[in-house]
Amino acid sequence: MTEAKEYVPPVIKAEELDPKFKYKMSKKHGAEKVMVCFQCGTCTADCPIARFSEFYRPRRIARMVQLGLKDRLLLNNALWLCSSCFTCVDHCPQGVEIAGIVRVLRNMAVEDKNLLPLVYKELAANLMKTGFVYEIPESRLQKRVEQGLPPLPKTNLKDVLKIFEVTGSAGLLEKVQTIAKVESK
Amino acid sequence: MSQPKYLLFTGCVIPYRLSSYEISARKVLSKLGVELVEMPEYNCCGYPMDVINHDLMLTLAAKNLCTAEKVGLPIMTLCNGCFCSLNETNKILKEDKKLREKINGYLKEIGMEFKGTIDVKHLIYVLSEDVGYEKIKNAVAKPLSGLRVAQHSGCHVLRPRKYVGRDDPENPTTLKDLIRLTGAECLDYMDETECCGNPIIGVNEDVPFQMAKEKLDHVRSVGAQALITCCPFCHIMFDLNQPRIERAFNEKFNLPILHYPQLLGLAMGFSPEELALNELRVKPTELLNLIK
Ligand code: SF4
Ligand code: SF4
Ligand code: SF4
Ligand code: SF4
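Protein chains in written order, with the numbering used here: chain U, 1 to 185; chain C, 186 to 477.
Just so you know, the hints here were simulated from the structure itself, not pulled from any lab data. Glycine included, every Cβ here is placed at the ideal spot set by N, Cα and C. Some hints here could point you the wrong way.
To be verified - Chain U residues, not near chain C, derived (Cβ > 10 Å throughout):
1) Ala14
2) Leu67
3) Glu183
Claimed, not checked - List of simulated lysine-lysine pairs, DSS-like, C-alpha gap at most 27 Å:
4) U:Lys24 to C:Lys398
5) U:Lys33 to C:Lys283
6) C:Lys287 to U:Lys22
7) C:Lys300 to U:Lys154
8) C:Lys276 to C:Lys255
9) U:Lys143 to C:Lys216
10) C:Lys347 to U:Lys22
11) C:Lys190 to C:Lys287
12) C:Lys287 to U:Lys113
13) C:Lys212 to U:Lys162
14) C:Lys282 to U:Lys24
15) U:Lys154 to C:Lys212
16) C:Lys276 to U:Lys24
17) C:Lys468 to U:Lys143
18) C:Lys283 to U:Lys27
19) C:Lys398 to U:Lys181
20) C:Lys322 to C:Lys361
21) U:Lys33 to C:Lys282
22) C:Lys287 to U:Lys121
23) U:Lys185 to U:Lys143
24) U:Lys33 to C:Lys276
25) U:Lys158 to C:Lys287
26) U:Lys154 to C:Lys255
27) U:Lys28 to C:Lys361
28) C:Lys282 to U:Lys22
Given these sequences and hints, build the entire structure.
As structure tokens, then:
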């Protein structure tokens with residue numbers, strides 16, 4: 001049995017707050033409505049991840065954006081626990097899209113903090129190598145034909161690489177430090 | 186009415202490890218008069234890249250859409266994830282002129298341009314809207330009466346409502362109706378619309394395993410003999426990972442997970458071999474005895 005710990009409220013220092021952060025966020029596709037979140041908690045109540053994680057809380061993410069707690073948001077690994085199921089998006093009475101906000105924050109974590117879970121770096125590497133996020137072995141391609149399936153269409157890899165380059169993604173991926181696993185408790 | 190014709194977008198994970206879904210889908214669609222054309226070339230839909238860079242996801246998806254526009258045919262996906270990114274990108278770029286200009290700026294570098302001339306549909310909507318329930322019903326040669334199953338449509342074929350807008354995400358009926366056409370009973374269970382957790386399994390296994398275990402519990406408790414899916418990722422979560430979930434929770438589910446076209450295919454009179462049922466991790470042996 002673990003003893004109940006005394007509750008210590010987290011202290012937020014004024015210098016941690018970036019008052020412009022919420023405006024910056026509201027300009028991003030998917031995060032436009034973050035300022036109208038009125039903290040009803042519907043998203044957290046209906047979020048499947050929040051049910052099983054002790055600290056992943058979508059409502060808190062919206063509040064932290066409003067307060068401008070940028071670094072706390074971007075450096076917190078909980079950011080990577082959202083499964084993008086869009087339940088919060090469909091249920092929010094204010095039309096706030098938490099899943100979109102989380103995506104914007106993840107993009108910022110990659111760009112500003114150079115952080116990315118390892119699995120995505122691997123998927124991206126496969127994609128840049130083969131056009132698919134999984135490297136499909138030759139034996140699989142052979143088996144397709146044996147099973148009567150048409151050959152898998154080839155990817156125009158040159159164009160895929162160009163897309164990584166012109167969107168700035170190739171450069172971002174070179175710089176990132178990877179996060180192996182994320183705890184949920 | 187003219188015969189439906191689609192470009193089949195199989196994505197990455199189906200050719201990688203779930204040919205059973207593609208094989209069974211092609212079989213039933215061909216018999217139902219849906220003509221499938223191969224993509225001249227394609228790449229990952231972009232879905233998993235959204236976490237890295239939103240523009241990257243949009244441009245990768247748009248590249249596939251441009252390829253389909255050139256052929257002049259709508260896209261059909263078998264995967265909820267592919268449907269999510271391709272459909273959402275298609276709708277956003279059609280509506281948002283500014284964003285379209287930005288993405289077209291990237292596409293210009295590879296000699297492409299998004300015009301917004303095609304649609305994207307998931308298999309279950311092609312079946313319900315284009316083929317129609319009447320035609321499917323008539324194609325059922327061996328009704329699966331006596332079989333009791335449950336469905337897991339998965340979130341991305343339903344949500345977000347503003348981009349999908351076909352079925353009711355809170356009380357989805359498309360897959361249920363499609364199941365009932367086979368003669369099988371489709372049972373309701375608790376939290377049917379709950380996500381399986383698969384998208385985060387690469388960063389954390391605990392949560393997805395608990396989510397999937399809870400779903401398997403709920404499905405079992407109503408007495409379902411199988412769970413029917415329409416997405417390779419949902420399928421992997423419940424079929425391929427079922428032994429691991431059983432070990433983690435010291436449970437025994439032994440619940441077969443069938444791709445919807447496998448169930449429909451059985452009802453249409455295809456043999457289990459033709460539908461690649463032998464490729465399932467959880468063997469549907471008992472279930473096949475039930476419908477003999
Ligand atoms: S449901 Fe919407 S308004 Fe309510 S807390 Fe969540 S984001 Fe804010
Ligand atoms: S999209 Fe993310 S935050 Fe929203 S309900 Fe699903 S898991 Fe929770
Ligand atoms: S959703 Fe997944 S399987 Fe489908 S194309 Fe995208 S990355 Fe590949
Ligand atoms: S249930 Fe899981 S795999 Fe299926 S669509 Fe939802 S997130 Fe994707």
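Here is how each hint holds up against the structure:
Every CB of chain C is more than 10 Å from the CB of Ala14 (chain U) (nearest about 31 Å), matching its label as outside the interface. Separation of Leu67 (chain U) from chain C is adequate, the least Cβ-Cβ distance of about 24 Å exceeding the 10 Å criterion. Not every Cβ of chain C is farther than 10 Å from the Cβ of Glu183 (chain U); the closest lies at roughly 7 Å, contradicting the non-interface assignment. A C-alpha spacing of about 40 Å is found between Lys24 (chain U) and Lys398 (chain C), which places the hinted pair above 27 Å, so the restraint is violated.
The straight-line distance between the Cα atoms of Lys33 (chain U) and Lys283 (chain C) is roughly 18 Å, inside the 27 Å bound, and the hint therefore holds. Restraint check for Lys287 (chain C) and Lys22 (chain U): satisfied, since their Cα atoms lie roughly 23 Å apart, inside the 27 Å limit. Of the supplied pair hints, the one linking Lys300 (chain C) and Lys154 (chain U) holds, its CA atoms being roughly 23 Å apart against a limit of 27 Å. Between the alpha carbons of Lys276 (chain C) and Lys255 (chain C) the distance comes to roughly 18 Å, so the proposed pair stays at or under 27 Å and holds.
Among the hinted pairs, Lys143 (chain U) with Lys216 (chain C) is consistent with the structure: their alpha-carbon atoms are about 23 Å apart, no more than 27 Å. Distance hint between Lys347 (chain C) and Lys22 (chain U) is fulfilled; the C-alpha atoms sit about 24 Å from each other, no more than 27 Å. As the CA atoms of Lys190 (chain C) and Lys287 (chain C) are separated by approximately 31 Å, the hinted pair breaks the 27 Å bound. This hinted pair checks out: Lys287 (chain C) and Lys113 (chain U) have alpha carbons roughly 25 Å apart, not beyond 27 Å.
Pair hint Lys212 (chain C) plus Lys162 (chain U) does not hold up; C-alpha atoms about 37 Å apart against a cutoff of 27 Å. For a cut-off of 27 Å, the pair hint linking Lys282 (chain C) to Lys24 (chain U) stands: about 21 Å separates their Cα positions. In summary, the hint linking Lys154 (chain U) to Lys212 (chain C) is supported, as the alpha carbons are separated by about 23 Å, within the 27 Å threshold. For the hint pairing Lys276 (chain C) with Lys24 (chain U), the CA-to-CA distance comes to about 25 Å; that is within 27 Å, so the pair holds.
Of the pairs offered as hints, the one joining Lys468 (chain C) and Lys143 (chain U) holds, with about 21 Å between alpha carbons and a cut-off of 27 Å not exceeded. The suggested pairing of Lys283 (chain C) with Lys27 (chain U) holds, with an alpha-carbon distance near 13 Å, which does not exceed 27 Å. The straight-line distance between the Cα atoms of Lys398 (chain C) and Lys181 (chain U) is roughly 21 Å, inside the 27 Å bound, and the hint therefore holds. Restraint check for Lys322 (chain C) and Lys361 (chain C): the C-alpha separation of about 14 Å stays at or below 27 Å, so the hint holds.
For a cut-off of 27 Å, the pair hint linking Lys33 (chain U) to Lys282 (chain C) stands: about 20 Å separates their Cα positions. Among the hinted pairs, Lys287 (chain C) with Lys121 (chain U) is consistent with the structure: their alpha-carbon atoms are about 25 Å apart, no more than 27 Å. Between Lys185 (chain U) and Lys143 (chain U) the alpha-carbon distance is near 42 Å, which puts this suggested pair outside the 27 Å criterion. Our distance criterion of 27 Å between C-alpha atoms is met by Lys33 (chain U) and Lys276 (chain C), whose separation comes to about 19 Å.
For the given pair, Lys158 (chain U) sits about 21 Å from Lys287 (chain C) by alpha-carbon distance, which is consistent with the 27 Å threshold. For the given pair, Lys154 (chain U) sits about 17 Å from Lys255 (chain C) by alpha-carbon distance, which is consistent with the 27 Å threshold. Between Lys28 (chain U) and Lys361 (chain C) the CA atoms are separated by roughly 37 Å; this puts the pair beyond 27 Å, and the hint is violated. A C-alpha spacing of about 24 Å is found between Lys282 (chain C) and Lys22 (chain U), which places the hinted pair at or below 27 Å, so the restraint holds.
In the structure shown, a violation is registered for the earlier hints numbered 3, 4, 11, 13, 23, 27, in ascending order.
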